[in-house]
Amino acid sequence: NAGVTQTPKFRILKIGQSMTLQCTQDMNHNYMYWYRQDPGMGLKLIYYSVGAGITDKGEVPNGYNVSRSTTEDFPLRLELAAPSQTSVYFCASTTAGESYEQYFGPGTRLTVT
Amino acid sequence: DAKTTQPTSMDCAEGRAANLPCNHSAISGNEYVYWYRQIHSQGPQYIIHGLKNNETNEMASLIITEDRKSSTLILPHATLRDTAVYYCIVQNAGNNRKLIWGLGTSLAVNP
Chain S
1 NAGVTQTPKF RILKIGQSMT LQCTQDMNHN YMYWYRQDPG MGLKLIYYSV
51 GAGITDKGEV PNGYNVSRST TEDFPLRLEL AAPSQTSVYF CASTTAGESY
101 EQYFGPGTRL TVT
Chain Z
1 DAKTTQPTSM DCAEGRAANL PCNHSAISGN EYVYWYRQIH SQGPQYIIHG
51 LKNNETNEMA SLIITEDRKS STLILPHATL RDTAVYYCIV QNAGNNRKLI
101 WGLGTSLAVN P
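Each protein sequence line maps, in turn, to chains S and Z. Taking the numbering used here, the leading residue of the first sequence gets 1, the next gets one more, and so forth. Taking the numbering used here, the leading residue of the second sequence gets 1, the next gets one more, and so forth.
Some hints could be false.
Below, computed lysine-lysine pairings styled on DSS-like, alpha-carbon distance capped at 27 Å [unchecked claim]:
1) Z:Lys98 to S:Lys14
2) S:Lys57 to S:Lys44
3) Z:Lys69 to S:Lys44
4) Z:Lys52 to S:Lys57
Bear in mind the hints are in silico, worked out from the structure with no lab data behind them.
Looking at chain Z on its own, in the form it has when it is part of the complex:
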């Protein structure tokens, strides 16, 4: 079973920041938090990952709480093309890098 809990769906206005939460209270010390998204049945796309520190790239920012039990993916200026299902996954590199997928959060960006 997936080790993360995410809201089923969220809405966001175009141009505003989208903040997607994820709970992973059972995360182990050597497990990373990964975020992927899937746009309309296309292949999932990697967004960002982190271990302890906050991370930022050209797509998004990842904020991980100090106790690592939860995280938030931030899309700073959401566009209509960001409408997708967002998956939060914890992964241990030692487990043959296998990903266990939950149901994700369906984000709708509205004009």
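Chain S extracted, bound-state conformation:
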């Protein structure tokens, strides 16, 4: 299993541009999450999904959108990028079973200038 994969690893955006961060998991997990992590801080939840077709807002959803058309994929869309969105973005997934530790991708480092 590849686990959770994220692309791209790095990206530089200009203010006002848009992009999609890709996240794919091959563990057939129902739950998927998007976090952002600013320097020296803990992770903040942006959006999450409990299954295909179901998404909900986390702590810091403004400026982002998500979709979940399949179990495997959970892309994060940034519209009109702003410098405040400069951060490292992590995608994670977990099972619906009894043991529900989250599995994380390697992250996408995004800079908006």
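Based on the hints, put chain Z in the right spot on chain S.
Only chain Z this time, still in chain S's reference frame:
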């Protein structure tokens, strides 16, 4: 806000046990204690979790006090590769398994 309190930083000598404390005095009866670590901006990695009893796996041991208001993660023989930020999190499976992350403890393992 995170429901746990951890020291900001700790040091440990290589080969010695690292004991990382966590306070969670407001923990509910159905909330588990989870530990994750993050090595140098990589994706966080699950370590161990527990509800009431002490737990041990190949990575670490978790000691939970009888009143469940605090816990200690023990890395029995710390190596340089254990240098990381360690996060203690309480989680309720009914809350869509969402994790609320604090700032964690930055552990430096020294040669």
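Each hint, compared with the structure:
Distance restraint check for Lys98 (chain Z) and Lys14 (chain S): the Cα-Cα separation of roughly 32 Å exceeds the 27 Å cut-off, and the hinted pair is therefore not satisfied. Using a Cα cut-off of 27 Å, the hinted pair Lys57 (chain S) and Lys44 (chain S) holds, with the two alpha carbons roughly 11 Å apart. For the hint pairing Lys69 (chain Z) with Lys44 (chain S), the CA-to-CA distance comes to about 24 Å; that is within 27 Å, so the pair holds. Our distance criterion of 27 Å between C-alpha atoms is broken by Lys52 (chain Z) and Lys57 (chain S), whose separation comes to about 31 Å.
Hint compliance for this structure: hints 1 and 4 are broken, all remaining hints hold.
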